[in-house]
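Enquirer: Chain by chain, the residues:
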Amino acid sequence: DAGVIQSPRHEVTEMGQEVTLRCKPISGHNSLFWYRQTMMRGLELLIYFNNNVPIDDSGMPEDRFSAKMPNASFSTLKIQPSEPRDSAVYFCASSLDNPNYGYTFGSGTRLTVV
Amino acid sequence: DAKTTQPPSMDCAEGRAANLPCNHSTISGNEYVYWYRQIHSQGPQYIIHGLKNNETNEMASLIITEDRKSSTLILPHATLRDTAVYYCIVRGYGGATNKLIFGTGTLLAVQP
Numbered sequence: 001d002a003g004v005i006q007s008p009r010h011e012v013t014e015m016g017q018e019v020t021l022r023c024k025p026i027s028g029h030n031s032l033f034w035y036r037q038t039m040m041r042g043l044e045l046l047i048y049f050n051n052n053v054p055i056d057d058s059g060m061p062e063d064r065f066s067a068k069m070p071n072a073s074f075s076t077l078k079i080q081p082s083e084p085r086d087s088a089v090y091f092c093a094s095s096l097d098n099p100n101y102g103y104t105f106g107s108g109t110r111l112t113v114v
Numbered sequence: 001d002a003k004t005t006q007p008p009s010m011d012c013a014e015g016r017a018a019n020l021p022c023n024h025s026t027i028s029g030n031e032y033v034y035w036y037r038q039i040h041s042q043g044p045q046y047i048i049h050g051l052k053n054n055e056t057n058e059m060a061s062l063i064i065t066e067d068r069k070s071s072t073l074i075l076p077h078a079t080l081r082d083t084a085v086y087y088c089i090v091r092g093y094g095g096a097t098n099k100l101i102f103g104t105g106t107l108l109a110v111q112p
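Residue numbers (my numbering), protein chains in the order written: chain A, 1 to 114; chain B, 1 to 112.
Derived from the structure by calculation, the hints contain no laboratory data.
Careful, some of the hints might be misleading.
[Stated by the list, open to error] Non-contacting residues of chain B with respect to chain A, defined by C-beta distances greater than 12 Å in every case (computed):
1. Thr5
2. Asp11
3. Cys12
4. Ser25
5. Gln45
6. Ile63
7. Lys69
8. Thr72
9. Pro76
10. Leu80
11. Asn98
[What the hints assert, rightly or not] Label pairs and their computed distance ranges (CB to CB):
12. Asp11(B) <-> Asn30(A): 21 to 27 Å
13. Gly29(B) <-> Asn98(A): 33 to 39 Å
14. Ile39(B) <-> Arg22(A): 43 to 49 Å
15. Ile101(B) <-> Gly3(A): 21 to 27 Å
16. Ile63(B) <-> Pro70(A): 42 to 48 Å
17. Thr56(B) <-> Asn98(A): 19 to 25 Å
18. Ser25(B) <-> Thr20(A): 28 to 34 Å
19. Ser58(A) <-> Glu14(B): 40 to 46 Å
20. Asn52(A) <-> Gln42(B): 34 to 40 Å
21. Glu83(A) <-> Tyr93(B): 34 to 40 Å
22. Thr56(B) <-> Gly28(A): 23 to 29 Å
[What the hints assert, rightly or not] Output of the computed footprint for chain B on chain A, the stretches with three or more beta carbons under 8 Å from beta carbons of chain B:
23. 70-78
24. 100-110
Beta carbons: idealized from backbone N, C-alpha and C, even for Gly.
Modelling step: build the complete structure from the supplied sequences, incorporating the hints.
Expert: In structure tokens form, the structure reads like this:
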């Protein structure tokens, strides 16, 4: 398996533009997680899906952020409009809904908003 | 709302065992202890987990105290490539508890 695949690896955009981050989880995994990492705040859980349904979005910072999982093999995290404080590394992770399975993380998308 | 306490940093000599402690005094009966690590600029990597018994895999050993209020991750022969931030996480199972909340972790520096 190729692992969790995120795209793009790097994104530089201007303030006010829409940004879409993409994630392909490991085939067969039914839980998907989006995290954001900054030096100031560390690793923060943004949203968690189980069987394509959002279970907990309490970490989504504000209405500018939205996430979707239209099917078991694809998820997006969208920021509209983007702001400089959104600059961070965004990680996607997937897992089975089973405590005996750890999460597998993707390589992340480094977002810079200028 | 991380439920664990870890030292911010530790040093270890290459080839020696690295013992990373974690306190989780408020852990409940159905919560597991997980360990992850993050090597600079990479995504976190799963290491090991346990409920109440000690566990061992090809990467590490996990020792959980009998009262489950603390645990120790052991890397038996640390190498320079083990330099990373190590996260100890308590996680429930089912519904909204099925999520990993990362704290600040322990930065392990393996010295040559």
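Enquirer: Work down the list of hints and note, for each, if the structure agrees.
Expert: For each hint, the structure was consulted:
no., hint, verdict
1, Thr5, "holds (15 Å)"
2, Asp11, "holds (22 Å)"
3, Cys12, "holds (23 Å)"
4, Ser25, "holds (21 Å)"
5, Gln45, "violated (7 Å)"
6, Ile63, "holds (18 Å)"
7, Lys69, "holds (19 Å)"
8, Thr72, "holds (19 Å)"
9, Pro76, "holds (20 Å)"
10, Leu80, "holds (21 Å)"
11, Asn98, "violated (6 Å)"
12, Asp11(B) <-> Asn30(A): 21 to 27 Å, "violated (40 Å)"
13, Gly29(B) <-> Asn98(A): 33 to 39 Å, "violated (18 Å)"
14, Ile39(B) <-> Arg22(A): 43 to 49 Å, "violated (24 Å)"
15, Ile101(B) <-> Gly3(A): 21 to 27 Å, "holds (23 Å)"
16, Ile63(B) <-> Pro70(A): 42 to 48 Å, "holds (43 Å)"
17, Thr56(B) <-> Asn98(A): 19 to 25 Å, "holds (20 Å)"
18, Ser25(B) <-> Thr20(A): 28 to 34 Å, "violated (42 Å)"
19, Ser58(A) <-> Glu14(B): 40 to 46 Å, "holds (42 Å)"
20, Asn52(A) <-> Gln42(B): 34 to 40 Å, "violated (27 Å)"
21, Glu83(A) <-> Tyr93(B): 34 to 40 Å, "holds (36 Å)"
22, Thr56(B) <-> Gly28(A): 23 to 29 Å, "holds (26 Å)"
23, 70-78, "violated (count 0)"
24, 100-110, "holds (count 8)"
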